[in-house]
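J.: Last residue of the sequence shown: 1444 (the numbering used here), numbering continuous.
Where hints are given, some of them may not hold.
Claimed, not checked - The following label-pair restraints were derived from C-beta to C-beta distances:
id: 1; residue 1: Q1121; residue 2: I1145; range: 23 to 31 Å
id: 2; residue 1: V1362; residue 2: P1276; range: 13 to 21 Å
id: 3; residue 1: L1171; residue 2: W1315; range: 49 to 57 Å
id: 4; residue 1: A1295; residue 2: S1122; range: 24 to 32 Å
id: 5; residue 1: V1173; residue 2: S1122; range: 26 to 34 Å
What the hints contain is simulated information worked out from the structure, not anything from laboratory work. Since the model is a prediction, treat every value here as computed from it, not as a measurement. Beta carbons: idealized from backbone N, C-alpha and C, even for Gly.
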Amino acid sequence: MTINITTSTLLLALSLATPAARAAEPAAAPAPPPAVSTQPASGGEKAGAAAKDDDAPATQAQVRTLAEEVRRLKLELGLRDVEYQSYGGMGPAASKVYFAPKGLSIGGYGELTYRNMTDGPTGDQSDLLRAVLYVGYRFDERIVFNSEIEFEHAGHEVGVEFAYLDFLLSDAVRLRVGNVLVPMGFVNEMHEPAFFNGVFRPDVERLIIPTTWSENGVGVHGEVAGLRYKAYLLTGLDLFRGGEETPEADSWIRQSRSGGAESRAATGAGVLALDYAAGPATVGGSVYRGRADQRERTATGEAIRADVTLAELHAQAAWRGASARVLGVVGRLGDAAQVSEQLGLAGEEVLGSGVKGGYAEVAYDVMTQVAPGGAASLSPFVRVERYDLHDRVPAGGVRNPGLDRTAVTAGLTFKPIPTVVLKADWQRRDPKAGSATDQVNVGAGFVF
997 MTINITTSTL
1007 LLALSLATPA
1017 ARAAEPAAAP
1027 APPPAVSTQP
1037 ASGGEKAGAA
1047 AKDDDAPATQ
1057 AQVRTLAEEV
1067 RRLKLELGLR
1077 DVEYQSYGGM
1087 GPAASKVYFA
1097 PKGLSIGGYG
1107 ELTYRNMTDG
1117 PTGDQSDLLR
1127 AVLYVGYRFD
1137 ERIVFNSEIE
1147 FEHAGHEVGV
1157 EFAYLDFLLS
1167 DAVRLRVGNV
1177 LVPMGFVNEM
1187 HEPAFFNGVF
1197 RPDVERLIIP
1207 TTWSENGVGV
1217 HGEVAGLRYK
1227 AYLLTGLDLF
1237 RGGEETPEAD
1247 SWIRQSRSGG
1257 AESRAATGAG
1267 VLALDYAAGP
1277 ATVGGSVYRG
1287 RADQRERTAT
1297 GEAIRADVTL
1307 AELHAQAAWR
1317 GASARVLGVV
1327 GRLGDAAQVS
1337 EQLGLAGEEV
1347 LGSGVKGGYA
1357 EVAYDVMTQV
1367 APGGAASLSP
1377 FVRVERYDLH
1387 DRVPAGGVRN
1397 PGLDRTAVTA
1407 GLTFKPIPTV
1417 VLKADWQRRD
1427 PKAGSATDQV
1437 NVGAGFVF
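All chains, please: the whole structure from these sequences, using the hints.
T.: Laid out in structure tokens, this is it:
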């Protein structure tokens, strides 16, 4: 992380360092006695002498001492100059602590969004969607703490997205303990706004893969010969945790995430993710399996077994300014009829016993032609999504064709520098039943 040293800080450091620098210099030969003038020095001569002393160049010893003083000030603040790159599939800002030699690392990101529903003013909304701090601490070369603290909707919602300890035993085997991001899809782990196209995250990665999704757990991760893996044991989802967030048909299991907050742990889950990088292309996939009932029973004492299975495959590639992504996912919910009944859902409102979805996205950075080699990028993009949250319904439920949708998003992503982004796009969601909706979105984001 880069720290800005102001002019006043440099002057302070120089004033502190100068006596030491002078003491370090070799003794100079005695100067010849000055010539004695019989005339008194004028004010102009005195000022000129002072200016000459002020303009004298610093000695090499003074420069070395000043550099050491600046370094000391930076160390006292606990901040380091670190590399800015992804670690293990996480966003660059979230990865800072892994490239710090020791001590504290701070990063973050933010998103401001505006959406305009073109069929009427009722859905127009401006939102300080997220303001996030990454706080990490590297105890030594093998033990790292990392966390993400998120303020959503101008601070109306505050939460911890992840907070874990990493024990870096070797490149091939690392142990992770704490509240961890579930490694599924593109966006759940790398969800910083500068690293995905569109003002809002893809529907498929919000409604089927419930991004952002974290749970308490323990597991191993690492990389062997270009193959990156993650395998975690987690607390299970909780369909019946109560409160204002009750699962609904049009968001499937999204509202059953506990986020690690007083999570019931009567049932557990596991996830395995694999990614392989070959040059500019990456392919991968993940499988999640666990119980989301937390051993809840019906009013008559009958056991519910809500097994949740999610499986996804994804691939991406970039070449000479062009980039492409594809993702496909399927999900299953066991005992969906009993779950829906327990939640008071019936008819077209039942939770789907099966869901599916996918999307394809292409983009091209025109600045590779206009100003090759520069820091700025301007990428028109198109993303097409297809998903069905009622691909299967349980016995007694009614399939809702309005949950079978096509979503098209087309827009521009402009980065004046790689860590600041301005976005604009148009979206249309077209269900099998009901009217299509259109909206225009504008957003700004940053990472640091």
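J.: Now look at each hint and say whether the structure bears it out.
T.: Cross-check of the supplied hints:
1. Q1121 with I1145: 23 to 31 Å: 24 Å, holds
2. V1362 with P1276: 13 to 21 Å: The hinted range 13 to 21 Å holds for V1362 and P1276, with Cβ atoms some 18 Å apart.
3. L1171 with W1315: 49 to 57 Å: 36 Å, violated
4. A1295 with S1122: 24 to 32 Å: Cβ of A1295 to Cβ of S1122: about 44 Å, so the range 24 to 32 Å is violated.
5. V1173 with S1122: 26 to 34 Å: Violated, at about 39 Å.
When the structure is compared with the earlier hints, violations turn up for hints 3, 4 and 5 and for no others.
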